[in-house]
Amino acid sequence: MAKKRERLDIIKDIIYSIRENRNIKPTRLLYSSNLSPQMFKDYINELITKGFITLDVDKKEKKTFSLTQKGNNFLEEYRIIERFVENFGL
Amino acid sequence: MPLYSYAYNLIAENIELFRFFYSMLIAFICLIVVIKTDRLFRISFHQGIRYFRNAFFFYGIAFILRYSLAYGSYFFLIKPFFQFFMIMAGFFLLYSLLWKKFETSKGSKSSFFNPIIFVFCMITLIIIFLDYLWVSYYFMFFSQILLFGLASIISCKNYKQNGKKHKFLKLYFIIMILSFFAWVFNFIFGSFFNWRLRWLANVYALNIIVFLVFLYGVIKLTKKQN
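Just so you know, the protein sequences line up as chains A and B, in that order.
Using our numbering, the first residue of the first sequence is number 282, and each one after it goes up by one.
Using our numbering, the first residue of the second sequence is number 35, and each one after it goes up by one.
Because the hints were derived from the structure by calculation, they are not lab data.
One thing to keep in mind: the hints can contain errors.
As the list claims (entries may be wrong) - Some chain B residues judged to face chain A by a derived CB distance under 7 Å, without partners named:
1) S78
2) S130
3) L131
4) G183
5) F202
6) L203
7) N228
8) T256
Claimed, not checked - Now the in silico label distances, taken between C-beta atoms and shown as ranges:
9) E50(B) <-> E357(A): 43 to 51 Å
10) L184(B) <-> D290(A): 25 to 33 Å
11) N315(A) <-> L65(B): 38 to 46 Å
12) E301(A) <-> V153(B): 55 to 63 Å
13) P318(A) <-> L164(B): 51 to 59 Å
14) F54(B) <-> D294(A): 46 to 54 Å
15) K331(A) <-> R230(B): 50 to 58 Å
16) I187(B) <-> I329(A): 38 to 46 Å
17) D337(A) <-> Y250(B): 43 to 51 Å
18) L59(B) <-> R300(A): 40 to 48 Å
19) N326(A) <-> N48(B): 53 to 61 Å
20) L336(A) <-> K201(B): 55 to 63 Å
Glycine is no exception: its CB is placed at the ideal position from the N, C-alpha and C atoms.
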């Protein structure tokens, strides 16, 4: 059985998807994140609140997510956090 | 004169100064660990990092209070606070290794809203009360020996499972064992040797090694890699 993803891994996966796809649509991000709609909504709200991502709406009211500088920095910090957690057995 | 005797004489002649530097050194190490891990926690909201950070925050305060304990006039006022921070630090450190078994990774806003931490607080207050009644440190010693015994077993398991991949797990296991023995020696020297400096200096040395290894691990693992 595949190991259950931890919260930190889910956040990393969402941010990574946005970085790879640039201005990704919500539905596509939902599919790629492999989360239930409710959980997806919770994570997205948290990431917007933390300033990692932004929700952009264009003139045709099309919604897309984009990555902020803070979100980009997180991906770098994620490796440090992951290494720290694994090495201390936390 | 052998180096050990020279070091001992130097400490014995300047005991107050030594106690001050010993407490401040460990408090300073704790401060660096708290600052480094707090940054990681604020980015990740990882509960294991939170409890690890809390442990060192509490150790830092405990060691500052510990220095104040040497001055008799406020002893009975300071002792319960010192014990509270010292015992809770041990609980936090143990729980940082165990939290995944008891809670989800989402966590709560504050550690003190967590029912398990609340139980730890209650146990700590009971230990402080019992030590107050017995006019001793026995219950604190027993609790810490038990905590670090458990932490040693868990860190040994972690090392066996992932030690090849994550090298610091081996050092972590060693420092848990050293901490366990530091508490055992503390109990023995305090109970049977009336806190004699010659013996107690070994516990001080052991504690300094433990905290320095923690500092080494935290600095090494939080360093940015290119």
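ask   = Regarding I187(B) and I329(A), is the given constraint of 38 to 46 Å on their beta-carbon distance met?
value = Given a distance of about 42 Å, which is inside 38 to 46 Å, the answer is holds.
query = Given F202(B) as an interface hint, is the shortest Cβ-Cβ distance to chain A below 7 Å?
reply = holds, 4 Å
inquiry  = Quick check: does the Cβ-Cβ distance between E301(A) and V153(B) fall within 55 to 63 Å?
reply    = Violated: the Cβ-Cβ distance is about 44 Å, outside 55 to 63 Å.
message = Range first: 55 to 63 Å. Now tell me if the beta carbons of L336(A) and K201(B) are that far apart.
response = violated, 41 Å
ask   = When the nearest CB of chain A is found for N228(B), is that gap smaller than 7 Å?
value = Interface hint status for N228(B): violated (37 Å vs cutoff 7 Å).
message = Can you tell me whether the CB distance of E50(B) to E357(A) sits inside 43 to 51 Å?
response = holds, 47 Å
message = Please check whether N326(A) and N48(B) have a Cβ separation lying inside 53 to 61 Å.
response = holds, 58 Å
request  = Please test the hint of 46 to 54 Å on the beta carbon pair from F54(B) and D294(A).
outcome  = Once the Cβ atoms are compared, 50 Å apart, the range 46 to 54 Å for D294(A) and F54(B) holds.
Hint check for R230(B) and K331(A) - Cβ pair distance inside 50 to 58 Å = Holds, at about 54 Å.
inquiry  = Tell me if the interface restraint on L203(B) is satisfied: Cβ within less than 7 Å of some Cβ in chain A.
reply    = Holds, about 6 Å.
query = Should the hint that S78(B) touches chain A count as held when the rule is a Cβ pair under 7 Å?
reply = With a closest approach of 5 Å, the S78(B) hint holds.
Residue hint T256(B), partner chain A, criterion CB-CB below 7 Å = Cβ of T256(B) sits 6 Å from chain A, so the hint holds.
When held up to the earlier numbered hints, the structure conflicts with 4, 7, 12 and 20 and fits the remainder.
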